[in-house]
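Protein chains in written order, with the numbering used here: chain A, 1 to 320; chain B, 321 to 562.
Don't read these hints as lab results, they were simulated from the structure.
Since the structure is predicted, the reported quantities are computational estimates derived from the model, not experimental observations.
Treat the hints with care, since some could be wrong.
[As the list claims (entries may be wrong)] Here chain B is said to cover these stretches of chain A; the calculated rule only asks that three of the stretch's residues, wherever they fall, bring their Cβ under 8 angstroms from a Cβ of chain B:
1. 12-25
2. 48-61
3. 104-111
4. 155-163
5. 263-275
6. 300-312
[What the hints assert, rightly or not] In silico BS3-like cross-links for lysine-lysine, where the CA-CA straight-line distance does not exceed 27 angstroms:
7. Lys-84/A with Lys-419/B
8. Lys-84/A with Lys-28/A
9. Lys-84/A with Lys-422/B
10. Lys-291/A with Lys-474/B
11. Lys-28/A with Lys-76/A
12. Lys-422/B with Lys-474/B
13. Lys-296/A with Lys-474/B
14. Lys-189/A with Lys-516/B
15. Lys-28/A with Lys-73/A
Think of the CB as a built atom: it goes at the ideal place given N, C-alpha and C, for glycine as much as any other residue.
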Amino acid sequence: MTLLSLNSFYAVGGAFMLVNAGCVAVDKEHGSRWTTALFWSLLGLSFVLGGSLSPTAVGYMVLGMGALAAAGKIEKSRARTTTKEERIESSGRLGNRLFVPALVVPVTAVLGTLVLGHVHWRGYSLVDPAYLSITSVCIGAVLALVIGLRLTRAPIRAPIVEGSRLLQSVGWALILPQALAALGGLFSKAGVGVLVASLVERSLPTQYPTVAVAAYCLGMFLFTICMGNAFAAFAVITGGIGVPFIVQAHGGNPAVMAAIGMLAGYCGTLVTPMAANFNLVPVMLLELEDKNAVIKAQVPIALALLGFNLLLMEFCVYRF
Amino acid sequence: MTRPSRNESSLRQNVIRLVGILVIAAGFAFRLNTLLVVLTSGIATGLAAGMSFNEIMAEFGRLFVANRYMTLPVVMMFPVVGLLERYGLRERAETLIRKAAKATAGRIILTYAGFREVSIALGISVGGQASVVRPILVPLAEGATHARYGTLSKAMSVRIRALAAASENLGTFFGEDIFIAVGSILLMKSFFDGLKIDVSVWAMALWGIPTAVAAFAAMAWRTRALDRAIAQEAAAGGRKQP
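Next comes chain B alone, as it looks inside the complex (with noise of 0.2 angstroms):
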């Protein structure tokens, strides 16, 4: 990449360029088909840039090709890890859950957190919103929770449900970033390709640990908060302690 021309005019004509960047920002306001969006952000991109339609077809394919290895990793998984889940491997994870966890709600949820980390850096996604949180998850927390003191509030409740689906999201963002073979790992490879420097995926996979890290601390500090909500709400309401 060249150093930025510091040309005004050339500047002002340029500026069209990033009529992709707002493609992309209004399709996504619209919550239009995400693969439609990128598509048209290209197109739109490759146009003000001066590209034939052709052109722009001929690279998008010759890119989509060359990244194929970002689809692949992905698509061999599937056979063995539907096979697992056909003979029980979630029920599995949900009993180890069970296991794990001595039950308050933040413990529950702070546990599905840390496996839902680990699992997927190591390559594996047991989990999911629809998958484990509405019908496992939030049960499990709800549940506990109920057992301990009695009948919840129905703010309570919101702030456990929405604190387990905050724990999937983060489960699934900071610990993918540890297993090389993972679309984001394989994007930033297949960018620095593009720019030809030379960049080691397990060295990025690498510099994801500490904020997995941090990732996981800072949802045993909102887990915490929680439980002490629960318990002071619990209290306050004069409600039965165990």
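Pulled out of the complex, with its shape left as it was, chain A reads as follows (with noise of 0.2 angstroms):
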């Protein structure tokens, strides 16, 4: 028996998204406040409900919310906030004790799952140990509210209506990482991982383990360029580089790849045009003529840190 089970934060968090639904659909400004209230309704009903409803409908529910993204039907209401003048009067006032409740959140991290995981009495426990750091972060979430909300005496409308504010502002690219979970998951299901593996085997010397290394950080940077996107790259290289060479093979450490072939890819994602909204959208927000103005800054400190991740990775993946 779990008291602060991770449930319990899905459904305050799935609360949260209804209830900021609702403040969309009542919303007569909104431009689609319809359809933008049914992708947030749909997302809230699969946090508070998740488990008990059936996969099948889920993932129709998913497709949904794809398709509502896909059409452009999930707007942005105006933000309702405080002026620029009453925020620089009041950071002027409040001064560096703003970020006190923001540290909360990492310092209720590191003591949550140091020592949260430990509190348990006759079968009782605190919070269920397989997900210990991502509860302690919802612990600190909610502390650093508390502590925000008395420091700065605000009502209790104010951090609904400002959260609500950034949910609409990250808007349906929120549930982009779980999507790509999914897709990495039936990717693996589909056998993928094993087809990229037994694609790179016939090509390279594996039995090395540098090569073995060498191929798994250029096929994440390269891999990256070409989709875009670091994250779907990682299912791919991972399963069929670096699991099968680097881990099975010659015995590397997991972690240690994983960490640092995220970040080989995202060395990729700095250079490649493909990274729209890093690369092209801050072209335009800053008005340069050249569209590739960005990434060509980004080019040699790209090209240094993916050296750096290379050796990082050989020197380190097999020694820890």
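Using the hints, put the two chains back together into the complex; each one sits in its own frame.
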């Protein structure tokens, strides 16, 4: 029996999304309020009910959310927040204390992970040990909110309205990591990783540990350039090269491999026009005539860091 | 995961299963909605592997629910971060950057990159191309250069702006993997869970630190180069020194 299970936080998070859907639905100035409210309701329901819905039903709900996003029917409400002058005034008044609630979260995450897993009594445990760190972050977020409310003396409405503003500013992209994780799972069920592994094994001398490291890092880098997204590359390249060759064949450390491999992928993100939101959107925002100005500024950095990651993985992945 | 088979004919039959990768690359190339591209790629891969449409939906649904923990901490942070922004968190950060940097364009950009890396490593996202780089960082960097050397050439202004945008990307990418509740770490965790390989989120976060330090060093190198280039251009143009 778990007292603070992750399910209770799913219910809280989902309820917040449903409240947000309600706010959108009653907002008459909102351009497409019904479709936007529908999106947040579907997501909220998948959080609140999650485990008790049939997986097929959730699958179709996800498909529905994707269709709403693709049709461009999810829009933001007009933000109702403080003015710049009010914020400058209150930031001067509150000073660096404004950072205190924000710092509570990482501190709680570390302490919670170290301590909370050991709290149990007659079969009751405080948190689920499998999700210790995530539960700790959630507890930290709630604590930070309480401290923030006391510090600012804001009404209880304020964090709901402001949180809903942030939720809407992220929009459908919020569920992208979840969708990519589902895609990764589907890839591995369909045997894509095994297939990539057999293609790599036929073309490279992977019996040398160094070749495996180089193939993995460069694979993450190049595949991210093609796909425009390191997360999408991660499942394919780690399943196809990292796990079979570095971890299984040569006994490398999976945590070292994954952490550094993902960062090698980010080096690819820095140089590809496919990652439009990072590399092309700022060009427009900053009114630069050269479309590739940001990529050009990032190329030397990306190549230097790719080399660093290659060497770091080569020296560490088989030693720790 | 089993060791790859060397069977020629089965390999040729199975290559169709890579169709999902093609769908992703094509989708990004044509700038289609990313969520749609991801879902289509999954459906195409499932169909190629001989699953029925309902089976694919069930698999998607099961994995979507099982991976809710990736979205949860982000959502839980929104009310408190929004509240702090309402009371001037961003304005306070701006004041700190202004105080910390002895105004040259390069130093201001480097300070921002460092600030961005540290804040995002602690799980607070104060920044963004639209919300900080354009309205705050670029005016500060250009303003500092203007105060020191007078008017800038167009090319130099492009260089300052592009490096400012790069500092945002770099700070975000290489700072975030130190925070355990961020999408990328949780994605890796969920990937290894699926393969029944036990990997701790803290270990992965720890191994993000060396590259985060290296990224800051690389940024220091580029911003110094920028400051030197600005000084050279000013000297060549015979403009006033402070």
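Verification of the hints:
1. Given a C-beta distance limit of less than 8 angstroms, the hint that chain B covers the segment 12-25 of chain A holds, as 4 residues qualify and 3 suffice.
2. Check result for the segment 48-61 of chain A against chain B: holds, 11 residues qualifying (beta carbon to beta carbon below 8 angstroms, three or more required).
3. Counting residues of the segment 104-111 of chain A whose CB falls under 8 angstroms from any CB of chain B gives 3; the rule of at least 3 is met.
4. For a cut-off of 8 angstroms, the count of residues in the segment 155-163 of chain A with a CB near a CB of chain B stands at 6, and the three-residue condition holds.
5. Note: the segment 263-275 of chain A has 5 residues with beta-carbon separation from chain B under 8 angstroms; the three-residue rule is met and the coverage holds.
6. Only when three residues or more bring their CB closer than 8 angstroms to a CB of chain B does the claim for the segment 300-312 of chain A stand; here the count is 7, and the claim holds.
7. For the hint linking Lys-84/A to Lys-419/B, the alpha-carbon distance of about 20 angstroms falls within 27 angstroms, and the restraint holds.
8. Under the criterion of a C-alpha separation no larger than 27 angstroms, the hint pairing Lys-84/A with Lys-28/A is consistent with the structure, at around 25 angstroms.
9. The straight-line distance between the Cα atoms of Lys-84/A and Lys-422/B is roughly 25 angstroms, inside the 27 angstroms bound, and the hint therefore holds.
10. Under the criterion of a C-alpha separation no larger than 27 angstroms, the hint pairing Lys-291/A with Lys-474/B is consistent with the structure, at around 15 angstroms.
11. Restraint check: the Cα-Cα separation between Lys-28/A and Lys-76/A comes to about 13 angstroms, which is no more than 27 angstroms; the hinted pair holds.
12. For the given pair, Lys-422/B sits about 24 angstroms from Lys-474/B by alpha-carbon distance, which is consistent with the 27 angstroms threshold.
13. Distance restraint check for Lys-296/A and Lys-474/B: the Cα-Cα separation of roughly 16 angstroms lies within the 27 angstroms cut-off, and the hinted pair is therefore satisfied.
14. Distance check on the hinted pair: Lys-189/A and Lys-516/B sit about 14 angstroms apart at the alpha-carbon level, within 27 angstroms; holds.
15. Straight-line distance between C-alpha atoms of Lys-28/A and Lys-73/A comes to about 16 angstroms, which keeps the hinted pair within the 27 angstroms bound.
Of the numbered hints stated above, none is contradicted by the structure.
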